[in-house]
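Student: With mature numbering (1 follows the signal peptide of the UniProt record, and there is no 0) applied, the sequence shown corresponds to residues -16 to -1, 1 to 569, in that order.
Treat the hints with care, since some could be wrong.
[Claimed, not checked] 30 Å max Cα-Cα, derived DSSO-like pairs, lysine-lysine:
hint: 1; residue 1: Lys352; residue 2: Lys378
hint: 2; residue 1: Lys275; residue 2: Lys497
hint: 3; residue 1: Lys352; residue 2: Lys498
hint: 4; residue 1: Lys250; residue 2: Lys370
hint: 5; residue 1: Lys378; residue 2: Lys354
hint: 6; residue 1: Lys352; residue 2: Lys308
hint: 7; residue 1: Lys354; residue 2: Lys308
hint: 8; residue 1: Lys275; residue 2: Lys352
hint: 9; residue 1: Lys308; residue 2: Lys370
hint: 10; residue 1: Lys378; residue 2: Lys275
hint: 11; residue 1: Lys354; residue 2: Lys370
hint: 12; residue 1: Lys498; residue 2: Lys378
hint: 13; residue 1: Lys308; residue 2: Lys470
hint: 14; residue 1: Lys470; residue 2: Lys370
hint: 15; residue 1: Lys308; residue 2: Lys250
hint: 16; residue 1: Lys308; residue 2: Lys275
hint: 17; residue 1: Lys352; residue 2: Lys370
hint: 18; residue 1: Lys354; residue 2: Lys275
hint: 19; residue 1: Lys497; residue 2: Lys370
[Claimed, not checked] Between beta-carbon pairs, the in silico distance windows are:
hint: 20; residue 1: Gly247; residue 2: Gly393; range: 25 to 31 Å
hint: 21; residue 1: Thr281; residue 2: Ser134; range: 37 to 43 Å
hint: 22; residue 1: Val175; residue 2: Val33; range: 30 to 36 Å
hint: 23; residue 1: Gly393; residue 2: Glu124; range: 57 to 63 Å
hint: 24; residue 1: Asp108; residue 2: Tyr135; range: 21 to 27 Å
Hint data in this document are derived by calculation from the structure and do not stem from the laboratory. These figures come from a predicted structure and were not determined experimentally. Even glycine gets a Cβ: it sits at the ideal position worked out from N, Cα and C.
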Amino acid sequence: MRLSLIISALVACCAATRLGQRRGVRRDNLPFEGKSRSFSTVEKRDAAVYRPLNVIRSRETAGIHARDTTDLSSLNPSGRAHLVFGRLGEGEGELQLADMTLYADNNLPIVMMEAFEGLTSDVDCNGDDGEMSLTFTSAEALNHAIDSWSYINEDADREFIMITNHDGCGPEGQRQGYKITDVDNDEDNNVVWLAASRVPWSEFAGSFDMEFGKLAVSPSVRRSLQSRGVFDWIDDVVDGIKGIGDGDVSDSVTIPVSLGEEGVEKLIFEDFTTLPPRLTLFCSNCFAEGKFETTGTLKVENFLPETLLLEVSPQDFRSAIELKAQIAGTSSVLDFLTWEIPIVELAIPGAGIVIPGIFTLGAKAAFKIKGSAGVVGTATFSFGGKTTLPNGSKVTIDVINPDNSGTTGFDRVDFEPVLDFDGASITANIAAGPQQTLTFGIDILGSTGFEAGLTFGTPTFNLNVTTGYDENGFCSPEDPITSGIKTVSAANVDLILQVIGEIADRETSLFAKKLVNIPIATFLDECLSIDGITPPQPNDDQIPTALKGPAIQAPPLSGTVVSVPRSETVKSAKFKSVRRGSLNE
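All chains, full assembly: derive it from the sequences and hints.
Tutor: In structure tokens:
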């Protein structure tokens, strides 16, 4: 089966500093210039570096096989080259692969040195002094190399690219391209000398496609790979793959996310302008964890992206925001308080892909809590909820044509609210929500880069509380308890996409769109009968109209909370209330 993350860079090579002739660039739908974004510093440092593997993959069978390096035809300059890169995955017995097919410019064919390494006994790049020597194992191999390469001596404009994967040729553990401009030989010693100069990928990798995925390997192969150096590691991969044949190749790159701490209470906000503070907030259970399976497609022309799609699917993703509020709003004048508290922001170690000089897909994550509150009275209570995103839901990010971005499957979000009063005598309006952001950084050939960020509000929670007293029964005439709490609460999940590029050396937001805004639970006209509550008595004229009575609607943090009929409440939602009785028991 085909791996589904395809990087298709169908590019015409350029003139002047680049090889070949550059065509005109269509910019009518290109949101940013082809300049590398500085974002990638963090992601490159922490993302997973893929190493060259001297293997081939059959796209018809998805099988992985060691390359036959003794075939004389592998010495022939070709219009395409097959390159595989890999690393150990996070899962047991997992090898992550990137499979690349590079298409040559018509005037600059490609020879892969690793494809004929079985025909050579020695390779010397001579310290990059402009000469490369190859010692062949037989006169037959030497003569075939001379016949295949000496055509460039007949015309000064003729040359080819030699891609090396050999100790001493280029950076350690990386492939390196050399432009070959002249060929000489010593037939007595089976040696060929090549006039060679290093060429960056951005000068000749004008057209390529790339696929990403994972391959199952045996535990013994994995243990061997973990204990070896770079080049031994590469050899062991090849040896280990020889027996795999049609391996189990999956179709996505996994981005793990773990933010915050489950079950740990932390002070996150305190109104220090008054004593005692009008509002103190503790995060008693704020976290997000899971993983995102990521695939995508990229098409580049003239070293600028023409099409760029990412598909992101949450797997086993759950988050919680459970806040404990201590309220001491003794003043009759009610002011709204706002907060935006960062919990954590970090690059995700080992996530994504780095193929030096060619492609980087990095990821970082952030978790913050944002909210507002208006309170009068005193109380201690907890509120919030737990959210699980449905497996199989999907976000499609179209960077070049953002209006085509969208989602599927998020209408099945599972939400369990929490509302627990320990004691209250308040009128309160509180809106709060966690915002988890997953940001992808992409760099192509060191010349084009951008960030695409997904901010999940899971959930935004609005809570409106009024305590009161009614001698005829607070919640109903049949209820003997004369005091209690009336609440109106709602929650919604939203998802915002933002794309950032670099224009005129400045980071610029190119696009922002709310992809999801789903009311996931409402609890209308809830009434909790509680003995011993004395409602606050501020001057009625000093309480904003929006805070009178139980039907308060707090300004939502990210999008409008849409009230739905009670019968449409999510079935899995469970309301947690205190038992009847005195708070002092």
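Student: Can the restraint linking lysine 352 and lysine 370 be considered satisfied, given a maximum Cα separation of 30 Å?
Tutor: Since the Cα atoms of lysine 352 and lysine 370 sit roughly 16 Å apart, the hinted pair holds (cutoff 30 Å).
Student: Do the alpha carbons of lysine 352 and lysine 378 lie within 30 Å of each other, as the hint requires?
Tutor: Holds, at roughly 23 Å.
Student: Does lysine 378 lie within 30 Å of lysine 498 when you go C-alpha to C-alpha?
Tutor: 15 Å, holds
Student: For lysine 308 and lysine 370, compute the direct alpha-carbon distance and say whether it is at most 30 Å.
Tutor: 15 Å, holds
Student: What's the verdict on lysine 354 and lysine 275, does the C-alpha distance respect the 30 Å limit or exceed it?
Tutor: 23 Å, holds
Student: Under the criterion that the straight-line Cα-Cα distance not exceed 30 Å, is the pair lysine 470, lysine 370 satisfied?
Tutor: 22 Å, holds
Student: Need the status of pair lysine 308, lysine 470: alpha-carbon distance at most 30 Å?
Tutor: Status holds; Cα separation ~18 Å.
Student: Quick one, are lysine 352 and lysine 308 close enough, alpha carbons at most 30 Å?
Tutor: 16 Å, holds
Student: Please check whether threonine 281 and serine 134 have a Cβ separation lying inside 37 to 43 Å.
Tutor: Since the Cβ atoms of threonine 281 and serine 134 sit about 41 Å apart, the hinted range of 37 to 43 Å holds.
Student: Using the beta carbons of glycine 247 and glycine 393, state whether their distance is inside 25 to 31 Å or not.
Tutor: 29 Å, holds
Student: Straight-line Cα separation of lysine 275 and lysine 497 no greater than 30 Å?
Tutor: 23 Å, holds
Student: Does lysine 497 pair with lysine 370 here, judged by a C-alpha cut-off of 30 Å?
Tutor: 25 Å, holds
Taken one by one, the earlier hints all hold for this structure without exception.
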